[in-house]
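**Q** As given, the protein sequences belong to chains U and P, one line each in that order.
Note that UniProt numbering gives residue 74 to position 74 of the first sequence, counting from 1, and the numbers run on in steps of one.
Note that UniProt numbering gives residue 201 to position 201 of the second sequence, counting from 1, and the numbers run on in steps of one.
Rather than coming from a laboratory, the hints here were simulated on the basis of the structure.
Glycine residues also receive a C-beta, built at the ideal position from the N, C-alpha and C atoms.
Among the hints, erroneous ones may be present.
[To be verified] These stretches of chain P come out as covered by chain U in the derived footprint (C-beta under 8 Å, 3 or more residues): (1) 37 to 48; (2) 123 to 136; (3) 226 to 235.
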Amino acid sequence: MRRRSGWIVAAVLMLLVSACTGGAEDGSADGRITLRFQSLAWQEESVEANKELVAEWNATHPDVRVEYVQGSWDSVHDQLLTSFEGGEAPDIIHDASDDLADFAYGGYLADLTGLLPERLKADIPQRSWETVTFGDGIYGVPFLQEPRVIVANATWLEESGVRIPTPEEPWTWAEFREVTKELSAEGKYGVAWPLKEPVSATLNLSLSAGGQLFHRGADGKVTVRFEAGDEVVPRTIHDQVNTDAGASGSTLGSSGSDTLPGFFGGKYAMVPLGFSYRQQIVQQAPKGFDWQVLPAPAGAEGLAQGVSPQTLSIAEDSPHKKEAAAFIDFLLRPENMVRLALGDWMLPTGTQALKDPALHTTRHDWATGTALAGHLRSAPAQSVRGYPEWKDKVATPALQEYYSGAIDLDELRRRLEEDGNLVLARYQR
Amino acid sequence: MRTSPGARVGQYVALLAYLLFLAFPFLWLISTAFKPPQELGNLHPTWIPQDPTLANFRQAFDEQPLLRAALNSLLAATGAAVIAVLIATPMAYVMARHRTRLARAATGWVVVSQAFPFVLVIIPLFLVLKNLRLINSVPGLVMVYVVWALPFALWMLVGYVRAVPAELEEAAAVDGAGRLRTLVSVTAPLLAPGIVATALFAFITAWNEFFFALVLLKTPEKQTLPVILTHFIGAEGVADLGPLAAAAFLATLPSLIVFAVIQRRITGGMLAGAVKS
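Just chain P, with the same shape it has in the complex:
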């Protein structure tokens, strides 16, 4: 069925409006980051700064250890993503392929565990990490992020494994491939988009996480970007808006870049035409 030109224009207009709606906060953040203080107090704000300045960026870097914090965030987020995927992938495979009562119970537990709020676990977690001497350390934070991301990562990956037809593995077995060979050469490549999506989820969750980092990291040299950003906010919520926007803009860039680089993998459609149904 062909779409009429009018309908096509309408679709694009709707898509553009939706994109603008999604991009609005980010565009506003960029605009704010380049505005001098006088423009921030303007009753009729403009999208394009009238007198653009880099002073907010300079002040943000002068006042807070942004680079160090970015490195800490990168370590914590990458570590959490890699480890979560390494643990979740084999677990997900077992849970998807062997539908035993135990697997069903495990899936239920995974869903339930998502309901635990931060405040419920933070004090026991703090005490456990203290005994392990992992308070105020990035590896301690990575451990927490892995545990926090694992249930949802597992749940996501189970879905991806189920989407890989078991017939493909059976066909490989018929052709003489062993279990390991089948997993490595047949299943793993087909799971790649799912693994990448899961890693991305774990990365972004850890990159943006605030509360655990706030409680578990004590010294400024160890703190991550979301914690450092709050240092631009004073009593009663008064914010140093320009430097805050500049720092927040810089903090947003890495996750955008990571997403831009690997999003093709997520939408790869590698399963297209694999089997006839």
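Chain U with its partners taken away, still in its complex shape:
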């Protein structure tokens, strides 16, 4: 017995030593450059598309080898922060524009202004570049984005006789409220709002009604003002839940995925979700379940809504920024951008890619989403310093309480403005 334990300890130590010696650093001893590309792709098709593109690059660029590194959305911020601090960040970084502000202001990301080719700059519209512009620099290339849409039970809507909205003739917010009221009955609801993260959903949709919430003064300082345009979306949701019983109160703390069983089970007629949720719906919907994508309601500003696109950035510490930019340019050629978009069930930002017929089919309602691309704007808060703290400490609890009926609109306004401005002021001294 004792001899056997000794063997086990020896074997473990040997394995440890072999693991230690097996980890040679990435080097360029043969003169080749190696770039590390950390991708956050996670769905099967998306990972496949990314890996294929890396393989295609490596096959045609023998001097600049790209190594695919798998990251995770779940922990990307902490992981990148420590990598930056330790000087070990990947050369090419996949992230989202609302996560870039701290890294850009902190000097961790390279300014891409002079690195990107004109083709790419011209292909992506200015409104998308605004999502990655911090100060005078551009710190990422926005390449995929998704509008928030309404996924509806097509049979239920058809049988009810309500007008079916289109991107050309969307519902107004008032009309949407009426429709959800009409669709509701005992134990059934017109809509289920999955508002586990209520702030970004509310702010982004509020752009349609002219809501801005964050106002930048002449001195560059930002203050919160909850005005008429900002009230429309929160009031609609609040009234659907608390006045009309047109929306389920039990899903207010749920994620989008949590609402799907109720949607498939005929409990909710509609669920507002990100456009990419279609992939889950296709996978999970029961046989014969007929669903369709509708545009989110429109307000004074039409179908405008805020988005935080997925981005590709280059680490400031990377010794091969030019090569990294060339790889990004390759990855985001129109035909490649389409492959990435299809893999992630999202919309490309590139104007050329958006013209691809694959994104205009009625299959899985790609065409409805593509028709909304021109209305997408930079999410209102993403360049505001102190936004994460304002969101977590002030806005999230205030909106959750308002939606559940615990506080009224005046109290919501007071908290967002008074408490919120105190938080923001600390970041703007």
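Chain U is fixed; fit chain P onto it per the hints.
**A** Using the frame of chain U, we list chain P on its own:
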């Protein structure tokens, strides 16, 4: 005092309810791992999959290097457990048997060190390991796990050493055994359940650990299971539930097996009747 049959039935019912409560998440995980996507979206979920499938396991293995990650986890956890026990056992013996001011201060420091959160140490730790060229290596991770597990392992073992009566060692000395002989032949066997329990604690802590592994390991070939599992989770917490459950189920098995194999040693009751009190 004899327990009445009614009370005995009640005890068993309570025990069964408690076991079910503890087993619920694991049973649900198993159930989810074998369900096709359509069943995962069912408003009225069932315990037993109506149309069981292995597709989730196949997809999990296709998409992520699970076997490699399991081997990395096994190396890191076993290495951490073995080294932590090797270091902690003699330290614990000294601290338990020689109650000096220094030993008391050391015990206090051990308790205080448990209060340090991960985020406080991660960046300095990252820089230290980088200078030692141990970033992105399993031995570097083992080192961190050993340091992280050591205070609690030490604290546990001090308790076990104190439970071994000093009179036994004195009796051995009276019979002519030397210091080393006493330690090897008398104290060590009696400490075995404690050592096994401590090793198990260090193993499971390292096996489940996520944050250090996430930050310190860069390439997929080096990553451990908890890090690989997050690759099934997308933006805004959307998860690929079936493959995630399948991979999580497989990741749970080794620690369950290790526990099942050595749990008898922990509950050995080797001290029963050793001395008369």
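**Q** All hints are to be evaluated individually against the structure, with a verdict given for each.
**A** So, going through the hints one by one against the coordinates:
For a cut-off of 8 Å, the count of residues in the region 37 to 48 of chain P with a CB near a CB of chain U stands at 8, and the three-residue condition holds. Note: the region 123 to 136 of chain P has 7 residues with beta-carbon separation from chain U under 8 Å; the three-residue rule is met and the coverage holds. Requiring three or more residues with a Cβ within less than 8 Å of a Cβ of chain U, the coverage given for the region 226 to 235 of chain P holds, as 7 such residues are present.
This entry satisfies every hint, going by the numbered hints stated previously.
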